[in-house]
Amino acid sequence: MSLSFSTLKVLDAARVKVIEARFDELTLEIDGTVYKGVRPRRPFPFSYPEIVIFYSDKEEIGMLRDYRELDDRSRELLESVLKVVYFMPKVRKVLSIRSVEGKYEWRVVTDKGEVTFQSWGRCVRVLRDGRLLIRDIYNRAYIVEEPEKLDSRSRLYLSMMI
Amino acid sequence: MSRSPEEDSLKLFPSAHELPDRVKSFLNDGEEVVAVAVTDLVGGDYGEEYVVLTNDRILVVNEKLAEEVPLSKVTAASIRGYINTCVFSVDTDEGSRSLAVFTRGRLAAFDKLVTIINNLVIGKIPYNLLKEQLLSKVQNDQARKSTRTVMVKLLGLLKPISLLLVATIAVAVAIRVVGLVPPYLMKVLVDEVLTKARADYLPYVIGALLAVNLANTALNTANAYLNTKLNVAVTNTLRGRVYRKLHELSLTHYDMFGSGGLWSRIIDDTNRVQWFLTQAFIPLFINAAMIVFVGATLVTMNAWLTLIVLMPIPVSVVGNIIYRKTASRYYHRLWRKWSRIVSVISDTINAAILVKSYGKEPEFERKFEESQSEFERAQMDVFKFEQQIWPAVGLAFTASSLLVWWFGGNEVLKGKMSLGTIMAFTSYMWMFYSPVFGLIDNVRNLQLLVVAASRLFEILDIEPDVRDAPDAIEVELKGAVECLNVWFTYDGIHYALKGVNLKIAPGERVGLVGPSGSGKTTLAKLLIHLYDPQVGELRYDGIDVKKIKLSSLKRQVAVVLQNPVLLDATIADNIALGKEDARPEEIIAAAKAARVHELVMKLPEAYDTEVGMQGSRLSGGERARVALAAALLKDPKILILDEPTAALDALTEDEVTEELERLTRGRTTIIIAHRLSTLRFTSRIIVMENGRIVEEGTHEELLKRDGLYKRLWEAQLKGLTRMSGMEAESGVSEYVAQLQHA
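Chains as they are written, first to last, in this note's numbering: chain H, 7 to 168; chain B, 862 to 1603.
Treat the hints as calculated values from the structure; they're not laboratory data.
Remember, it's a predicted structure, so these values are computed and weren't measured experimentally.
Every residue, glycine too, gets a C-beta built ideally from N, C-alpha and C.
Fair warning: there could be bad hints in the mix.
Unchecked claim - With beta-carbon atoms standing in for the labels, derived distance ranges:
1. N145/H - G904/B: 20 to 30 Å
2. I36/H - E1575/B: 30 to 40 Å
3. S1023/B - G127/H: 30 to 40 Å
4. K89/H - Y1351/B: 29 to 39 Å
5. G136/H - T1187/B: 20 to 30 Å
6. E1222/B - I168/H: 19 to 29 Å
7. P987/B - L9/H: 35 to 45 Å
8. D37/H - G1568/B: 28 to 38 Å
9. I36/H - L1428/B: 49 to 59 Å
10. L1264/B - N145/H: 50 to 60 Å
Throw the hints in and build the complete structure from the sequences for me.
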């Protein structure tokens, strides 16, 4: 017996319009029906970030296989919300890691600017595709997209933490 | 980019100078600022915005007034959490409105803000009362932060053993001072006795050496004794304090730290404090004393040579600092690589059935190989690293000792210095180095001591939140239970109860049903005052539960929670929890009522059977029934049963339900159940959904209403009828008839 996919409500990107975006919420129009207070969620935030499921009041509206197929305006609005919901600085450079009181204090340069944060000892996770995920003491995540392309000093610092 | 530290991101009733100017400019005359929370994000980028709660409005201020919501329009405030970010939003009559976004680092601050807002708009707590509470909290926090440092507090804790502490330090210093004497006696021996051939001095010098050795032996014995005694005394004092504190904590704190967290604080942190105290605090005095004594001796012997002695110290201090900084990373990595090997092995053993049934053996073998070679590499890195530092530092010491011999030797040859002096000098030189390094170590360990101690104080400084009010009273309960607009949240974000109003008459038996997560168990826990609601009141016989002595409440209210935990004791002990000095007959009667007697009697040791840690030697159903027996033995006025029959098979469930019917007559009883058939004898059923009471009535009334209860009822019947192949329709009526005649 093969799995039934009928429970997946896949939306046609051409019929989905994003009308408004605010923080983590959207107003959508699908085939003329307007949905307010819609929250987009990525089922696979790391492995398939292009897939998005829309929720309104816990009710699933449907799934986009690739949100990038939306028209430009809709895509921009959706991306502005995804930027808030999936805010995750990308580490470009590790400036220093020093140990303070049993924790590690990181100074890094990210795509969002220079950041200082503290982590516990076991804080770097290697994702399946080789990217690195650093978690700080508040459980905030920072991602290293292509660790092998960082400068040698940054790589040295990271290698000590893996 | 500089951002305000996470701890300071919420200000309660800020003074005028604490308030940013741009916020001030948007305030109306006479408007009072209750709280200011600072975000660390603006949209999807780092930045700062102020979320300001006043007595009248909620404002969001960046360069301009970005948002403004009158408090009168707000019905609730909440936070939605994502991977890294959280969105703060308020519900108004016109729907939900998001106001600000921040990272999880600011969650604690916004959490408090949300609770304050909800207390005002949902709890309708009078503004002046709230203000009073918050202001007293602000003062407390300030007092705690500023006046007492961790070290002072720690020494305060250790006051009962201060004499022991001082004695240990004194003896340890004495040992070191006595240790300074032999090199001096050697100098006398060489210079005065041997070189000058004064045989008459020899017995005195030898005698002095013997005396020094005897004193040393005696002091060492005393030292070992005192150390052992001090270690035990320190741990016992600290662990005792933390353990006693455990009982004062409410379950909210248990949830906050997690059982593992509390566990490690009692066991590990007290050990750590003891270790650092004996390894850092006491040696600090010893090493400081040694540096002074030995340093003074060296200088009086030869000031110039002393300068040479000091030469390698900067080199080795720098080497030490580099080592400290880097070594922890290397060793930490080694430890992580090691734990990876352990985790592969434990996965293989614990998930053996998964590994084998999916044929994942090759993958695991590969993982294991990988982790082994990673560990090997990490270990070689540690070796290489160590080889880079220590030989260089060692060389500096060798160089300086050679220089001492070179210059000192020349002085001796020139006759400016005696042979005995240079010999004693070199002995003292090595005695000087070790306390210097010791001191560096001590200072570092002292920091770790402060860290470990402050973890202890995190627990010790908690003000117990659920405890007897000073005016709490003993009450003989009649059994009326009342919930007035009860709101409760475990984490400050999600409200498990949202304005529950409930009134139960003395002796009434009510059922509580609803989907999982609807708040039933939370309500049960609040009723026995394990937690305090954030908003609202629970009353027994019209008295606020906070005004009833906990001991009085616990004597008269019994609760059996889902998946009950038992103590590591015998079955009899666990049942007798309900009543001190219970007679054997009473225990058996209670067990019979809970339908566990037959089972117990089948065990060779019957009621004297040890149940193991948390009752692990009994099955879920057996544990549930032992807990039920304990509750029944208590003969409570009010009985709260959370899924009493969940872990039982259908036959036993039926028996227990029948027995419950008899036992609960005349007692106020609240039964939480998924299986609705358990509720057949209750006079009223309360249906909860999403933290609220949505329906209320008798079984028949609720079925007529066509609401959630009917859906739950039908879903259960459907399961039954499908199984027996009955038609759904006829099945329903048949089953209902069956139940009504039961």
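The hints, checked one at a time:
no., hint, result
1, N145/H - G904/B: 20 to 30 Å, "holds (22 Å)"
2, I36/H - E1575/B: 30 to 40 Å, "holds (32 Å)"
3, S1023/B - G127/H: 30 to 40 Å, "holds (35 Å)"
4, K89/H - Y1351/B: 29 to 39 Å, "holds (30 Å)"
5, G136/H - T1187/B: 20 to 30 Å, "holds (26 Å)"
6, E1222/B - I168/H: 19 to 29 Å, "holds (26 Å)"
7, P987/B - L9/H: 35 to 45 Å, "violated (58 Å)"
8, D37/H - G1568/B: 28 to 38 Å, "holds (32 Å)"
9, I36/H - L1428/B: 49 to 59 Å, "holds (58 Å)"
10, L1264/B - N145/H: 50 to 60 Å, "holds (55 Å)"
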